[in-house]
Each structure stands twice: as C-alpha cells, then as structure tokens.
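Q: Sequence:
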Amino acid sequence: MSGHPLRVTIHEQEYTFHRILKDDFFSLNILYTNPNKQGYVLKLSDFRFLGGWILRPLAAWISKREYTIYQMVEDISGIPELGPRYGKRGYFHEYIEGKTLHECQDGQLLPRDFFDELLTIIDQVHQRRIFYADLNKRGNIICSTMGKAYLIDFQICVPFKPWTGPWGAWVDRIFAALTQEDQYHVFKHKKFFQPELMSQEEQAGVQRSSLNQWYGRWIWRPYVSIKRLIYPHGSNEMIWYKWKQQKDQSLRMP
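For the sequence shown, counting from 1, position 93 maps to 74 in the working numbering; every step adds exactly one.
Everything labelled a hint here was simulated from the structure, so no lab data went into it. Incorrect hints may appear among the rest.
[As the list claims (entries may be wrong)] 30 angstroms max Cα-Cα, derived DSSO-like pairs, lysine-lysine: (1) Lys69 / Lys118; (2) Lys118 / Lys169; (3) Lys45 / Lys172; (4) Lys118 / Lys18; (5) Lys18 / Lys169; (6) Lys45 / Lys80; (7) Lys18 / Lys69; (8) Lys45 / Lys18; (9) Lys118 / Lys129; (10) Lys45 / Lys69; (11) Lys172 / Lys69; (12) Lys45 / Lys118; (13) Lys169 / Lys142; (14) Lys80 / Lys142; (15) Lys142 / Lys118; (16) Lys142 / Lys69; (17) Lys129 / Lys172; (18) Lys169 / Lys129.
What you are looking at is a predicted structure, and each value in this text was computed from that prediction instead of being measured.
With the sequences and hints as input, model every part of the structure.
A: Below you can see the structure in the form of structure tokens.
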C-alpha cells in the first residue's frame, strides 16, 4: 500500500483505509472511514502516467493551489467539509455518500429541486469570484443519499481577484461571461435528466454562446484529443474499473 497511509487521524479521530475511489490522470482519491461510518477522502495530486513522478513539484503546486481555492468556498452549503493537508501533494475532505451524476443515468433518481440546489451552489461560488470551469464533468456533481446536491473537485477552478483602474471593467466582463458557461453546463445536465422541468429561461441557457463554441473548438477538443491518446476510453476509466470492478457501459466520461 505504498504512496498513502493505512491509518490517519483527523480531528482527533482515527480513520482507516477503506478503498480507492478514484485513480485518474491527475490524482488518486482514497476513502478512509471510522467505526461510526463517517468518512474522509484523501486527494493526492499526481500525474498518473509513466515518468509522471518527474512532475511531482508541479503536482505539489497544483494541490496547494486547489486547497487555497477550497478554503475560499468551504463554508458554502453543498461543498463537502474541508479537512487538513497531507504532505505537499494531498489534502482531506469530507466523504459524501451518494452517486455522481455519471451514475445517475435515470433522471428519476434526482429530486425535483436538485438542479436548483446545484445552481445555488454555483451562484455562491461565483460570488467568491471563482469560475468553476469543470461542470461539464458529471463525476464532479454528487447526489447524496439524502437527495442533496454537492460539488467536488476544485483543481482547475479559476479565481478572479478584483481589479481597479481601466482593466477592472474588462476583467469583470470576462468573469461574467465565464460564469455563464458554468450555468450553461448546469442547464445542460438538467435538460438531460429533467427536461420536463426546464423553464424557458433555462432552455435559452442551454444554447451555446460564442465563448462556449470558441472554448470547445480551441481548448476542450484539443485537450480531450491528447487525453484520448493516453486513455482511449476517457481519463476517468480507471475510476470505474477500480470502484465498480467492471467496465463502465454508460456514456464515456471526458
């Protein structure tokens, strides 16, 4: 069991290794539980490919950056509780029992107000001047066993510091446009799972903006193409092989 501990102490309670939740291109996520069935996830930033250890200083910087962003949103309802750091490349956060949207292919599993809750979480993240940037990935959105929406994984979020002077207005315009892209993905997911609950405003929000088209053509598609060379079935395929012990038969994850 190299690379991560068998036991950890968090808030003066001992937790033991339970299972690997996620092993993908950028990180290793390990679940620890205590006798009270409470759990914490250890997220270790890493580059999971041959020779990736060379980039561990970069992984340490990525982990520290993500932890800093997490601290900015940890008090928002729908964000799992943040735990302590672990070494230079890891940190803990509360484990949420439930299913990701990737598992919830049947829209009947979701409460009617699920996407309203998710949009409220995103709005509060935006109030902290943070562009989430990764809402297209259904594995980042959890429906808990109690039916509550949760948002995880802040690795590629982009915080925008307030600017003064002539550049301030331009920065604000860019940030406002990017927040609409986050909302677009929420509406897109809602259209897939609960199309009958879509309002006219939400239907309009599903239309791709010029920014979204530019992003998809020049950033997202090249990014996915490179990842496909490494993981032909998607960079998250290892999540489902390790977690489910079977090949995922649902939609390919990005």
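Q: Indicate, hint by hint, whether the structure satisfies it.
A: Okay, the hints, checked on the actual structure:
In summary, the hint linking Lys69 to Lys118 is supported, as the alpha carbons are separated by about 26 angstroms, within the 30 angstroms threshold. Distance restraint check for Lys118 and Lys169: the Cα-Cα separation of roughly 11 angstroms lies within the 30 angstroms cut-off, and the hinted pair is therefore satisfied. Straight-line distance between C-alpha atoms of Lys45 and Lys172 comes to about 35 angstroms, which puts the hinted pair past the 30 angstroms bound. Restraint check for Lys118 and Lys18: the C-alpha separation of about 28 angstroms stays at or below 30 angstroms, so the hint holds.
Distance check on the hinted pair: Lys18 and Lys169 sit about 34 angstroms apart at the alpha-carbon level, beyond 30 angstroms; violated. Using a Cα cut-off of 30 angstroms, the hinted pair Lys45 and Lys80 holds, with the two alpha carbons roughly 27 angstroms apart. With a C-alpha separation of about 28 angstroms, the suggested pairing of Lys18 with Lys69 holds against the 30 angstroms cut-off. Between Lys45 and Lys18 the alpha-carbon distance is near 28 angstroms, which keeps this suggested pair within the 30 angstroms criterion.
For the proposed pair Lys118 and Lys129, the alpha carbon gap of about 18 angstroms is at most 30 angstroms, so the pair holds. Of the pairs offered as hints, the one joining Lys45 and Lys69 holds, with about 7 angstroms between alpha carbons and a cut-off of 30 angstroms not exceeded. Proposed proximity of Lys172 and Lys69 is contradicted: the alpha carbons are some 40 angstroms apart, above 30 angstroms. Between the alpha carbons of Lys45 and Lys118 the distance comes to roughly 22 angstroms, so the proposed pair stays at or under 30 angstroms and holds.
Restraint check: the Cα-Cα separation between Lys169 and Lys142 comes to about 28 angstroms, which is no more than 30 angstroms; the hinted pair holds. Restraint check for Lys80 and Lys142: the C-alpha separation of about 34 angstroms exceeds 30 angstroms, so the hint is violated. A C-alpha spacing of about 25 angstroms is found between Lys142 and Lys118, which places the hinted pair at or below 30 angstroms, so the restraint holds. The hinted pair formed by Lys142 and Lys69 meets the criterion: a straight-line CA distance of about 25 angstroms does not exceed 30 angstroms.
The straight-line distance between the Cα atoms of Lys129 and Lys172 is roughly 19 angstroms, inside the 30 angstroms bound, and the hint therefore holds. A hinted pair counts as satisfied when its Cα atoms are at most 30 angstroms apart, and Lys169 with Lys129 qualifies at roughly 19 angstroms.
In this structure, the hints that do not hold are numbers 3, 5, 11 and 14, in rising order.
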